[in-house]
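> One-letter residues, chain by chain:
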Amino acid sequence: MGIVINDLSFAYGKKTALNKVNLSLTTGFNVLLGPNGAGKSTLFSLLTGLTQTVHGTININEKDLSHNKSQIMSQMGVVFQQSTLDLDLSVKQNLLYYASLHGIAPRKALINIELILSQLSLTERLHDKVRTLNGGHRRRVEIARALIHQPKVLLLDEPTVGLDVESRLLIISYVRNLCTELGICVLWTTHLMDEVEQSDQLIIINKGEIQAHNQSSLLCEQYNVDDIYQLYFALTKNAEAV
Amino acid sequence: MTLNNYFYCCVGIVKRETSRFFQQRSRLFSALVRPLLWLIVFAAGFRAALGVSIMEPYGTYITYQEYIIPGLCCMIVLFNGMQSSLSMVYDREMGSMKVLLMSPLPMPFLLSCKLIAIAFLSLMQVYVFLLCAQLVDVDISLLGYLTAVPAVFLIAFFLGALGLLLSSLIKQLENFAGVMNFVIFPMFFLSSALYPLWKMQEASIWIYWLCQYNPFTYCVELLRFALFGQFNLTAFSIVLSATLITAILALISFSPKFSQKR
Numbered sequence: 001m002g003i004v005i006n007d008l009s010f011a012y013g014k015k016t017a018l019n020k021v022n023l024s025l026t027t028g029f030n031v032l033l034g035p036n037g038a039g040k041s042t043l044f045s046l047l048t049g050l051t052q053t054v055h056g057t058i059n060i061n062e063k064d065l066s067h068n069k070s071q072i073m074s075q076m077g078v079v080f081q082q083s084t085l086d087l088d089l090s091v092k093q094n095l096l097y098y099a100s101l102h103g104i105a106p107r108k109a110l111i112n113i114e115l116i117l118s119q120l121s122l123t124e125r126l127h128d129k130v131r132t133l134n135g136g137h138r139r140r141v142e143i144a145r146a147l148i149h150q151p152k153v154l155l156l157d158e159p160t161v162g163l164d165v166e167s168r169l170l171i172i173s174y175v176r177n178l179c180t181e182l183g184i185c186v187l188w189t190t191h192l193m194d195e196v197e198q199s200d201q202l203i204i205i206n207k208g209e210i211q212a213h214n215q216s217s218l219l220c221e222q223y224n225v226d227d228i229y230q231l232y233f234a235l236t237k238n239a240e241a242v
Numbered sequence: 001m002t003l004n005n006y007f008y009c010c011v012g013i014v015k016r017e018t019s020r021f022f023q024q025r026s027r028l029f030s031a032l033v034r035p036l037l038w039l040i041v042f043a044a045g046f047r048a049a050l051g052v053s054i055m056e057p058y059g060t061y062i063t064y065q066e067y068i069i070p071g072l073c074c075m076i077v078l079f080n081g082m083q084s085s086l087s088m089v090y091d092r093e094m095g096s097m098k099v100l101l102m103s104p105l106p107m108p109f110l111l112s113c114k115l116i117a118i119a120f121l122s123l124m125q126v127y128v129f130l131l132c133a134q135l136v137d138v139d140i141s142l143l144g145y146l147t148a149v150p151a152v153f154l155i156a157f158f159l160g161a162l163g164l165l166l167s168s169l170i171k172q173l174e175n176f177a178g179v180m181n182f183v184i185f186p187m188f189f190l191s192s193a194l195y196p197l198w199k200m201q202e203a204s205i206w207i208y209w210l211c212q213y214n215p216f217t218y219c220v221e222l223l224r225f226a227l228f229g230q231f232n233l234t235a236f237s238i239v240l241s242a243t244l245i246t247a248i249l250a251l252i253s254f255s256p257k258f259s260q261k262r
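Respectively, the protein sequence lines represent chains A and B. Residues in the first sequence are numbered consecutively from 1, following our numbering. Residues in the second sequence are numbered consecutively from 1, following our numbering.
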């Protein structure tokens with residue numbers, strides 16, 4: 001179970017965004033780290049099927065995304081970088097709408113929703129309009145939404161951007177626990193190096209190419225650096241992220 | 001995926017569109033005020049100036065108010081279809097369209113559910129308007145109320161599909177103002193909604209021909225006959241064909257291949 005990407009390339013006109021990307025991700029917490037414009041969001045868009053793959057292949061849970069989109073989508077949960085909640089509807093209405101798009105009966109969906117919201121300390125906000133929630137709470141609702149249909153693969157595109165430290169810690173520790181408890185494959189894209197732990201599978205991307213992929217502690221050893229920061233700068237030579 | 005999954009999905013989409021509609025109370029208000037102004041103010045003024053002689057499906061002389069009722073109902077459906085496409089453009093700009101695109105259910109089915117939701121909302125608005133129209137002595141039989149239901153549904157499917165097609169072609173919310181000038185107004189005014197076509201023929205032959213080729217004319221005529229408890233086969237065939245063509249084009253325009261090319 002996981003994600004296998006072979007020779008994936010993508011260009012916006014003449015500008016190459018991804019160049020022959022090869023990746024194999026298994027269950028656990030996988031971090032895709034890279035500076036702005038490295039190709040993270042393009043890769044994310046291709047993985048979610050929102051952008052069509054032209055060159056290369058993406059296999060998710062041993063199924064080709066181009067030919068089995070419906071099956072793959074039913075096993076995939078996604079949290080986009082930009083909020084995709086309907087601000088004028090309540091938390092419950094947003095979550096039930098999403099569940100219905102996956103063909104889940106409202107009664108069954110409500111059981112899942114109540115469970116996930118209680119884990120994310122959001123039960124009391126169930127009937128509130130999303131517009132009244134702060135950024136951290138909205139993010140938690142989006143994570144809850146991505147989990148309603150019990151996915152086997154969870155993709156999160158910079159989910160902690162713009163959040164305070166407390167919300168960031170809550171969200172990242174919750175997702176890490178999910179990996180352990182449910183044994184799912186998580187791909188967490190970020191440009192924040194403090195979100196990477198020694199045991200995480202780390203993928204460093206820069207200028208549309210994968211620079212390194214291994215357990216982060218092993219990568220540090222391999223490149224003879226003390227921490228992720230040094231590793232990141234060694235591989236990206238990027239001053240922007242300082 | 002079983003039939004139950006499809007059913008829950010459809011109900012979910014209709015519920016969401018209905019909830020959004022009722023959240024925007026001003027939308028219902030403006031949807032009613034527009035045609036009511038036409039009916040009460042415009043039609044009252046024209047009643048004296050414009051007589052409508054005996055014509056199908058009416059068996060006798062009718063008042064101008066009675067004449068424009070089907071046109072105003074279609075105006076409600078037209079505005080609702082365009083409003084729905086506006087909300088699709090908004091959804092795309094705000095990112096919530098991605099949620100719909102991530103559904104494991106097929107896109108044609110999801111768009112059909114959107115059309116059902118649009119049709120349901122249109123039907124509701126049309127019937128509230130028809131109830132209000134009773135106040136100005138517009139008389140519609142019970143049979144007319146019943147036979148109008150499928151006609152309104154079909155017209156709403158057509159105009160909803162047109163709205164979906166437009167929403168896929170419009171890249172920014174700001175560009176939507178053009179829809180008012182280039183779609184809504186020409187469709188409405190170049191039809192039999194406000195004047196019988198024979199009157200138009202007397203005034204200008206080329207405008208008459210434009211009206212003849214406007215599918216909205218046949219929406220109005222389909223509803224005019226339906227409100228009178230009759231069936232107009234020509235109008236039905238043209239509206240049905242227009243619905244199928246527009247719906248197919250809308251489906252193509254929403255396919256990832258097509259949207260990526262643009």
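It should be emphasised that the hints constitute simulated quantities derived from the structure, not laboratory data. None of these values were measured; they are calculated from a predicted model. Just to be clear, a hint being listed does not mean it is correct.
Here are the simulated distance ranges between beta carbons [claimed, not checked]: (1) Gln81/A / Phe189/B: 38 to 48 Å; (2) Thr18/B / Asp128/A: 51 to 61 Å; (3) Met1/B / Leu115/A: 15 to 25 Å.
C-beta: ideal position from N, C-alpha, C; glycine also.
> None of the hints should be skipped; say for each whether it holds.
To see whether the hints hold, each was checked on the structure:
For the hinted restraint 38 to 48 Å between Gln81/A and Phe189/B, the CB-CB distance of approximately 45 Å keeps it satisfied. Look at Thr18/B against Asp128/A: about 20 Å separates their beta carbons, and that is not inside 51 to 61 Å. Checked against the given bound of 15 to 25 Å, the beta carbons of Met1/B and Leu115/A, roughly 24 Å apart, stay inside it.
In this structure, the one hint that does not hold is number 2.
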